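Asker: In order, the protein sequences belong to chains A and W. Residues in the first sequence are numbered consecutively from 5, following our numbering. Residues in the second sequence are numbered consecutively from 856, following our numbering.
These stretches of chain A come out as covered by chain W in the derived footprint (C-beta under 8 Å, 3 or more residues):
| hint | stretch |
| --- | --- |
| 1 | 54-65 |
| 2 | 85-96 |
| 3 | 110-121 |
No lab work stands behind these hints: they were computed from the structure. Since this is a predicted model, take the numbers as computed values, not measurements. Virtual Cβ for every residue (Gly too), placed ideally from N, Cα, C.
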Amino acid sequence: MSKKDRTSSTLELRGVSRHFGPVKALDGLDLTVNPGELVALLGPSGCGKTTALRIVAGLEVATSGELLVNGERYNETPANHRDMGMVFQSYSLFPNLTVSENIEYGLRARKVDTDKRAKRVTEMLELVSLESKVKAYPHQLSGGQQQRVALARALAIQPRVLLLDEPLSALDAQVRSQIREEIRRIQLDLGITTLFVTHDQEEAMAISDRVGVMSHGKLEQIDKPIALYNNPATPFVASFVGLANRIPAEITAKGKARVLNQKVNISGSAEVFVEGEKVNVIIRPESLELVSESDANATRGIVALKSFLGPLTKVGIAVEGAPLIHLHISSREVRKLEIGEKIAFKISSDEVMAERA
Amino acid sequence: MKKFTLKWPLIITASLLAIFTFIVPLYGAALYSFKGNGGKGHSWVNYQWLIHADGFYPSLFTSLKLAVLAAALNLLLMVPTMVYLNLKGQRFKSLVDFLCILPLIIPVVSLAIGAQVAMPKFLQNTQYELVFFFVIIALPYTYRALDTSLQTVALKTLVEASRSLGASWTRTIIRVIVPAIRSGITGALFLTFALSIGEYTITSLLHWETFPTWTVVAAQQNILGAIAISVFSFVGAIALLSAIALFPKRGSQRVEVEE
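Could you put together the complete structure from these sequences and hints?
Answerer: Below you can see the structure in the form of structure tokens.
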């Protein structure tokens, strides 16, 4: 199966809401996934990302709003007539069926004839590199293999949209990274429109064309991973995507604040702060740098923590009147630093984001 | 010094109790069923009497027929109901649980007379009315067998996976749910069959002749024959149990997993 076999679809959600009594699980979600694009919905538990995915799959009914596939309204279409391939967190392979029977399940439901079914199963097994497991039962496979079968099963029906509901969460770190790359390879190869739900930002950033960050049922921001990281639209996005320090500060003038003995500019926040107001500024670890103790603008602290992360080491600095502040320092340089040692640092970025304290 | 534990004395006591209360009487019954005329010697005479006795085959076939129908009707009624209750009808579960326990609480006489009056006219005065009674008395057991089985599988996810692949509800139930809860269905099937084939009180109250009612009458004519009947019934039940237990189960063999 190649790109030519499939027409990529556009998926649109227009003002989609889902209320459970007084709880707004999804609150007016607007989202467009372009043909062949992989969009990830990222957010903490309970932010509504899975509800959105389930509404697209037809497993949940939207309280209001519209769901469109290639411009056609899908709200009333039952799940079994939507042509959406879904991969679940818990694999959900049918335990009584072999790998090949699992893959051809959707084709049987569509009454595809035997020869075509067999051909498609072979193609799918090749795609996920599981040709040798054709007659195995799900319990005879590892977690990674089961998830690859689940992916093959979802793709076998040539879905309009591929839906991935935290498909890597149940796998261990090494397998997760391997399957993640495999999903992206297959998605690009087939050019299939994909909506991917995850709470793992590394996963979302690594394989998505665009990432939508959700909070309290709303889409906070949707953009390319790098743009999301460098130009977060809201304090929530800034603190949720990547590591961020929240440091107490005071507004000194419109658009300006004093933080850690330093004057900084407040970047494009929708919120307007008044002079003298206490705020928290959000600063990424890489926006802080070690300086000489003689620097007049430097903030002084004590090394309280060192976490080795490979090429970089996360250093936690205890500063009076602020929570533990984290910096990323090259692991080669960090060898010179000892826990309890006095250290000076300052903010290297001109602009920071602020939120009300 | 080796620590004294109660494990082995308890196992030995339990085994002895089982031997004296279960195996010895059965052995005794089997021995007596092979006694010859006048209780002397050993022969097949009691079994020969049994298979040539008036009403043996008709009553046995009636019981088998009704038991099969009751087991089938019970599954047709209970499998979709239990799937619905576990999938979408959680709030009705305690009510249905209570309703299914009622056959154990309501006296059999009230149940027989009350339910017969409520039975559709075309079923009254036919032996098939017994099928509905057998289904009712098996409800407490089938409910539990199916419920326990359904709670051990990821029902919601399996159903959602099946539906998202384009399967109808019927296909989902037959191809996914039924195989997943096979042990519960087998248990429910056996319990209904066993209860139906051995049911005496309601059948007797409604004046129908099935294998249990025929047995009571026949046993009054030949005491050793009656013992042969009980041994025959027991062996039949064991054979049925074994057949169910040995029925091949797909995908049950475990092998080494390699990444």
